[in-house]
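2 protein chains.
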Amino acid sequence: MTPSTARPHGLSIIAGEVGRPDGSGTPFRATDPATDQVVEPVFHPATDDEVARAVAAASACFDDYRATTPAERAAFLRAIADHLEAARPALVARAGTETGLPEARLNGELSRTTNQLRLFARELELGEHQGVRIDHAQPDRQPAPAPDLRQRQVPLGPVLVFGASNFPFAFSTAGGDTASALAAGCPVVVKAHNSHAGTAELAGWAIVDAARECGLPAGVFSLVYGPGTTVGQRLAADPGIKAIAFTGSQGGGTALMRTAAARPEPVPVYAEMSSVNPVILLPGAWDARGTAVAAGFVGSLTLGSGQFCTNPGLLFVPAAQADEVRAAVAAELRERPGQTMLSPSISRAYADGVERLDASTRTTLVAAGAEGPTCNAPAPAVYATGLDDFAADEALREEVFGAASLIVSYDDVDALRTAIDGLEGQLTISVHAEPGDHAAVTALLPTLERRAGRLILNDWPTGVEVNDAMVHGGPFPATSDSRTTSVGSAAILRFQRPVAYQGFPAGLLPAAVTDANPWSLPARVDGALVRP
Amino acid sequence: MTPSTARPHGLSIIAGEVGRPDGSGTPFRATDPATDQVVEPVFHPATDDEVARAVAAASACFDDYRATTPAERAAFLRAIADHLEAARPALVARAGTETGLPEARLNGELSRTTNQLRLFARELELGEHQGVRIDHAQPDRQPAPAPDLRQRQVPLGPVLVFGASNFPFAFSTAGGDTASALAAGCPVVVKAHNSHAGTAELAGWAIVDAARECGLPAGVFSLVYGPGTTVGQRLAADPGIKAIAFTGSQGGGTALMRTAAARPEPVPVYAEMSSVNPVILLPGAWDARGTAVAAGFVGSLTLGSGQFCTNPGLLFVPAAQADEVRAAVAAELRERPGQTMLSPSISRAYADGVERLDASTRTTLVAAGAEGPTCNAPAPAVYATGLDDFAADEALREEVFGAASLIVSYDDVDALRTAIDGLEGQLTISVHAEPGDHAAVTALLPTLERRAGRLILNDWPTGVEVNDAMVHGGPFPATSDSRTTSVGSAAILRFQRPVAYQGFPAGLLPAAVTDANPWSLPARVDGALVRP
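Protein chains in written order, with my numbering: chain A, -2 to 529; chain B, -2 to 529.
One chain only, chain A, in its complex shape:
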């Protein structure tokens, strides 16, 4: 029985089947943040048995699933995209109710999600991620012969994905983590985000339908409801889970890091957590295009209620121009209405963060917008401080999730560089510079590279391309693992490990590492890079 309908049923999906809750958990409903009204149906947390069965089914089908060809896996990803497209009206409607995000944004995000699935399908066909390295035998080598040795990447095993509140499609059930794990050959168990539980279920059935259509084992996908602190932690501790992907708060991410490290077999955690995404304004940029800079800053800050991982929470400005910048930002921000935030709790947390900025003796208010017409639509707000105060108070360097930012004035580039060096790791750092500022950019660049995963010139951090070159990652606590990206085709590399085959005859070798190379994979052969 698989109710792939337009309406959520409120039950976990365990290996393609509707869950059978036993009433042991506390049921919950979604809330429409625009109205604070609860939304039907009731959702039932997964039982211990359901959690165990989801992981067991993923483990049981792992070898079969990873034995699929690149073409078969690519077809699966494209089928998921097709099923999501078919469910688009229901998905967008339900997500709108559960998240308060506008329809245009949700339609765009769903397109991004299907594009992402198709990007990983292309990645499978390109095959570079298989990491083939072949060193042929050298029977005559001195002082001893060299054996035939071949390396490829194999998938890690079942992956636990946590849905993210701020991207109900692109970073949730069928989002980038799920797409890259499935592409790598890993079965996936999703812990749905409770605030968009219905959206999660609809997307979940799209994956189940695609798996069935492609003749794949049902264990390749499960979707589980329940609190992160119980159901999520139980999943993370299950020995069958071999990697964890998470987007959310630093508290949630570090709790998963601790759980993963304390397991008898520790596993990798890819947690994308918090970032204030500093923006550096250099003097020439302000002189050349101050108005556009102020408008761009406020636009990036308030986009989607400031609920992007890459929202610009800090703006460093030259002290000599600080008054002008503050005035221009205030003019842009004043009267700008708040938009519905994702949930009442996120809206409350935003209010607390703004209150913290407001109460600080080290800050002054630059401007605040207006409250929006819906529930949970607090006013955007910008505060200002100087570099010494900023350096003196750690609380000013913490992320306020939402449309709040801090303008920090600096006297010179050396002081600015010291301040950037003192920041925690970031997803992004942006610089606005004209040619006259380039010497300063060059002086700052090594520091910026050490503190962030993506450096942006003359643009704003919101807007994360999904392509080969994107890095959505960065030093801790921006993420738990700076060696990776959670967006873009390189995200597949997170779910793999190398295996070498020594002295295997062609008939026993996996197809990927045979000389026949049936999938036309690029490889490094006897020290040379070879493209078929």
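Derived by calculation from the structure, the hints in this document are not laboratory data.
Since the structure is predicted, the reported quantities are computational estimates derived from the model, not experimental observations.
No residue lacks a Cβ here, since even glycine has one placed at the ideal position from N, Cα and C.
Keep in mind that a hint or two might mislead.
To be verified - Just the calculated beta-carbon pair ranges, DEER-fashion:
id : chain 1 : residue 1 : chain 2 : residue 2 : range
1  : B       : Pro236    : A       : Asp46     : 39 to 47 Å
2  : A       : Glu431    : B       : Arg138    : 52 to 60 Å
3  : A       : Arg331    : B       : Pro502    : 51 to 59 Å
4  : A       : Asp411    : B       : Ala143    : 55 to 63 Å
5  : A       : Glu122    : B       : Gly504    : 45 to 53 Å
6  : A       : Glu431    : B       : Gln135    : 22 to 30 Å
7  : A       : Ala57     : B       : Glu395    : 26 to 34 Å
Fit chain B to the given chain A structure using the hints.
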């Protein structure tokens, strides 16, 4: 003052300078394990100040060092190799005294070490590790233009390397971890292994001399003495250290994993720890070449006193052939003399491990060799058991470091597969098979891939090639991070992280990601793999 002489001075090397101990630690001397005699000179543990200065110097020079070109870094690695070659007689003599390893082995290991340095020099010239990915701007893309985005890998920062007892050259001061970290652009602080402190110092000065010759900052290398539990842990906790590489015991490795995870900023740990390296004998192989198999097994087991990470600690044999195998192994092993082990403590731990196997009610002795003529040269020993007993007693699955192994008889391939599935992660699993056994190999292969980093057909696990395809790694507890290898050119990838540059003009971009591509790096450009 840099005493690059043929004799160790017993002092840490802090950023190219001789350490200045303050007498706060307990001095120690090396011991010649063949004679149990202490060896001069006295070694002085690094003070807290020396530890802090070593890391501070590494941090201070990081941006300068990583700004070197691939050619400059390759020249540095080759210069280290040249200085090691120049010091060969002194290095081999001192290492022989400190480790008891024979001269031929040490000469071979030193050649392996210099080859390794040259391999990473070649890797720098090949440039694939820079991971260049370029997506050019698409100003006309709908619904919004795409920015220019370029990705490259940058080094993590200062790396802490722990010298390994069992490879005084190839996995110690100037060994694979140091070579790959330096190649990646990371300064290195080595915590010398106390049991070959003098060898470490001589190799350390070779690196210092090479750095000076190449005009590199002195902070690029330091060598520190002291106990792992104090000096080693203090280094691992220092905020300036950005990655840790370790080869040694599971206790030491997991202690570092805990320290690294508990830091305010957690860092990657690459610990290569323990592995019993199962060897599977299939029936056809025994029928076809039983004598050679028995001889090969005993040869691999006793090589270097069994002190290799890949020593075969388990031999699975068909129950129907078990009597024959045991008899043949006994004939090979009997009278074979023990060789000097690396240190009195390692020899004692070996004796304890053999005692544990001997005391078990689930094992029988197959054969033991004879004690060697030197001190610390215990007899090799092989025991036998059945699959049920093996599964029932976890202690039988633990590594005994040294020339001890356990022959386990199995009834059929299904039972064998279950047993392999129940093993902890391994560096290697070997299979001996003839064409008639190939169906069994195919049936076992997915399980083997999940349990080990290197699979070997018709050969023995000792003997680790240093090339592109090698994987010296595997699931926990073989290593702390199954996604990596500590041997071979891919080891450089451990010390890097990706950074993306968005919207940068050519003049501000790092050379690696410019369209001009001055270093002829391979890249992925607009979705296509490009080789200059």
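Verification of the supplied hints:
1. B:Pro236 <-> A:Asp46: 39 to 47 Å: 45 Å, holds
2. A:Glu431 <-> B:Arg138: 52 to 60 Å: 26 Å, violated
3. A:Arg331 <-> B:Pro502: 51 to 59 Å: Hint violated: Cβ distance 35 Å, outside 51 to 59 Å.
4. A:Asp411 <-> B:Ala143: 55 to 63 Å: 35 Å, violated
5. A:Glu122 <-> B:Gly504: 45 to 53 Å: Given about 36 Å between the Cβ atoms, the range is violated.
6. A:Glu431 <-> B:Gln135: 22 to 30 Å: 24 Å, holds
7. A:Ala57 <-> B:Glu395: 26 to 34 Å: 28 Å, holds
Against the hints set out earlier in the document, violations occur for numbers 2, 3, 4, 5.
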